[in-house]
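Chemist: For reference, the chains in residue letters:
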Amino acid sequence: MIVNKVSLLVGGEAGAGISRSGLLFAKSCLRGGLCVFGANDYQSLIRGGHNFYTVRACEEEIYSQADKTDLLIALNKETVFFHKDELISGAGIIYDQEEFSITQEELERNDINLYHVPLRKIAKELEGPQIMENTVALGAANALLDYDTTILNEVLQDTFNQKVAQQNIEAAKRGYDYVKENYGNSFGYKLEKTESAGKKRLFLTGNEAIGLGALNAGCKFYAAYPMTPATTILHFLAPLDREYKIVVMQTESEIAAMNMVAGASYAGVRSMTATSGGGFSLMVEALGMVGMTETSPVIVLAQRPGPSTGLPTYTAQGDLRFAIHASQGEFPRAIIAPGDVEECFYNTLDAFNLAEKFQIPAIIISDKYLSESNGTTEIFNQNKIGIDRGQLITDDTYTQEEEYMRHKLTENGISIRAIPGIKGAIVRTNADEHNELGYTTEDPVLTTKMNDKRFKKLEGLTKELENYETVKFYGPENSDITIVSWGSTKGPIREAMKILSNEGKNVNFLQILYLSPFPINKIKNYIKSAKKTVIVENNKTSQLSSLIQEHLLMTVDHKILKYDGRPFNPEELAQRIREVL
Amino acid sequence: MVSLNDLKTPKTNTWCPGCGNFGILMAFKKAFIETGIEREDAVMVSGIGCHGKIVNYVNINGFHGIHGRVLPTAQGIKLANPNLTVIGFAGDSDQYNEGWGHFAHALRTNVNMTLIVHNNMVLGLTTGQATPTSQQGFKSKSTPFGVIPPMLNPIAHALVSNGTFVARGFSGDMFHLKSLIVEAIKHRGFAFIDVFQPCVTFNYLNTYDWFNQRVYKLEDENHDVTDHKKAIEKALEWDDRIPIGIFYKKERPIYSDSLSHVKNEKLTKLPKQNIDITSAMKEMM
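Sequence order for the protein chains is A and B.
Just so you know, my numbering puts 456 at position 456 of the first sequence, and the rest follows in order with no gaps.
Just so you know, my numbering puts 244 at position 244 of the second sequence, and the rest follows in order with no gaps.
Calculated from the structure, these hints are not laboratory results.
Only true hints are included.
No more than 27 Å apart at the CA atoms, straight line, and that leaves these computed lysine-lysine pairs for BS3-like:
no., chain 1, residue 1, chain 2, residue 2
1, A, Lys245, B, Lys269
2, A, Lys68, A, Lys190
3, B, Lys8, A, Lys408
4, B, Lys263, A, Lys245
5, B, Lys8, A, Lys423
6, B, Lys282, A, Lys163
7, B, Lys282, A, Lys173
Here are some chain A residues the structure puts well away from chain B; computed CB gaps all over 10 Å:
no., residue
8, Glu13
9, Ile46
10, Arg321
11, Gly475
12, Glu477
13, Lys531
14, Thr555
Just so you know, these numbers come straight off a predicted model, no measurement behind them.
Virtual Cβ for every residue (Gly too), placed ideally from N, Cα, C.
Okay, chain A solo, but in the shape it has when bound (with noise of 0.2 Å):
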């Protein structure tokens, strides 16, 4: 019997409530004390086609998907045959006889456990909608895990109304009954409460952790139009609004995002906005206008592969070369690269604090693995990071003595920033070069001072950094092999370093965290004391290795690079890591 280590697959036609239903069973096993892992993977359709949510739950920390499904909970018949082969032997497949036929001889293998539940019979009985057999199903895989009901009924009552929620614990009580009369306890697998059980800690996505992190930061202007897969940001803050004192707008394109929280900064207030790299695109004329007339929205930049539409609904790590230098023209800038939800969440309030402290954009760059991917994390530290603006003329403290100059040359690059309104102080800027006044220049002796207080910010800010998490190192420090990566690999890069340390096998992983400006010294003492180092990335060009060559001016030994749309599995990853060892 394997207890407390379990991974659940439910798939099924678009449209069927396949990531709610894994959220439900993965919220149960966090309530339960569980550490949760769900991932989900969607193709770019509304109806139809083949939709999978995993959850996987260990009582250790995870941090990715698994390789392998033990249990499968199976909408349709596609869902059995794309994922066959993914099966564990002696994993469990539900489904509704009624409604298709499994076999052995299909399946070609005959150490599947097939548990027939007629979910649409029960589902129909109940007088509940067809997609109630989502929740039928959950209650039998709790019942063939033997895992607490009550709980599973405290998360439908948290997430439905209270006469759906009845209609849904009837049904997986249903299901549940079924499966302990029909099949016992035959199943080798078991999850129970662990001693964390009750304990509160967060299930989230990166998006929502980015989302969260906005809020206590006190961004209070969000503007953004839809992509995947950064639409969700969007689709947590719009009914917050009013609770947050928010404003939260769809805008009418990506362009008008971008120049709307152009100009809510220089207006004074805290904003951001999301897209994915064809948005992105679009905003970078307003992001060359942001870096010239020194507003410091916050941008998160969720990628997904390209070039152009790419396969919209999957993930990739390849625009981190595009946003590092998007835009015409030369301005400091700051790129962040959280790994996991917890880092989703704490860089996104250190990015609103750089980017008012230093006046400049700062973009956090995600992908879609990340964004949409739920992880476990303990309750965020609000107080954790407090609110910085930087250098702010109010009401109080402006004494009119002298103009106000929105650009003055100083000699940290920093112009005290005061906000439209303020009496007394003209606040003037432009996307053309200028004096400090903000009116425009074409004297060459002013553009190269100007160019320079623009940079000499980049030195306050790379200064600034130093106290910052910039990097982070994992495993033992003397390693036959040292991992370099940034972004949603880390997940992936943790498991196989689990897998890897069980064989007895010496591997680390550097993390960075902070692509924009590149923390350079930091990086170089943990490469050079590298006896062999392997770059991880969801690319094509291995665009990490060139930022190390260009500004270290070292080379990688090995690069492993994945680019079909999905993460790295974890036993996939630490393959390839043996091969190179």
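Given chain A's structure and the hints, the job is docking chain B onto it.
Modeler: Chain B only, in chain A's frame:
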């Protein structure tokens, strides 16, 4: 009270002598003074082109933005701080080419701001190419055999896109234009003024004379500004007689009327430390 002197800036004006922009500049300054708004409480936003330089010539808050994007930038400013009076300035190619999409949406969004389009029916600063308001057949550097498609009609477009204040001015009639700008700023909603502004260097066709011979004032003909159908009819007048003045005016809820949650909040006074996100985290437990 703001004086003409207060609005002066140290910048030397680089518009061509006789440029139609001068009329708009003076009309705006006078209108601004008339509204009684303080310089700190208003923001001018401009795009790119000759018109865009106007931010350099009036000493109030200013954001000289990028080509075609005056409206979203201005809307962002206004939504962030509704206490500011926001006046956008755009050129005809700026607004009606690159910014056409934003124009259509600003009309329906109805953010409480003013848009003044300097319409000289030619691209001036890029040395004389055709724009969407150049007349069919107009010969320019980019259309040596004459403009092929018919001109856009921004007034008619504004009217059918639910514009709540639609007007046209002529920089050759500064006092009339001034009164339009005053009305536009006072209007609660998105106020749009298209302004004929002769380009003395590149537009040999639509000259001061050309306009003087054709323009007439709607108010002189007792035009009813609440009559939408009539306004559209007037918007279609061209050739011999071209109307200026307010075509249509209507009160409709502004965008922020629906943002009741931020009405009494000065967003610029926020954020405060320690914003409590406990309730937003509940969903994820």
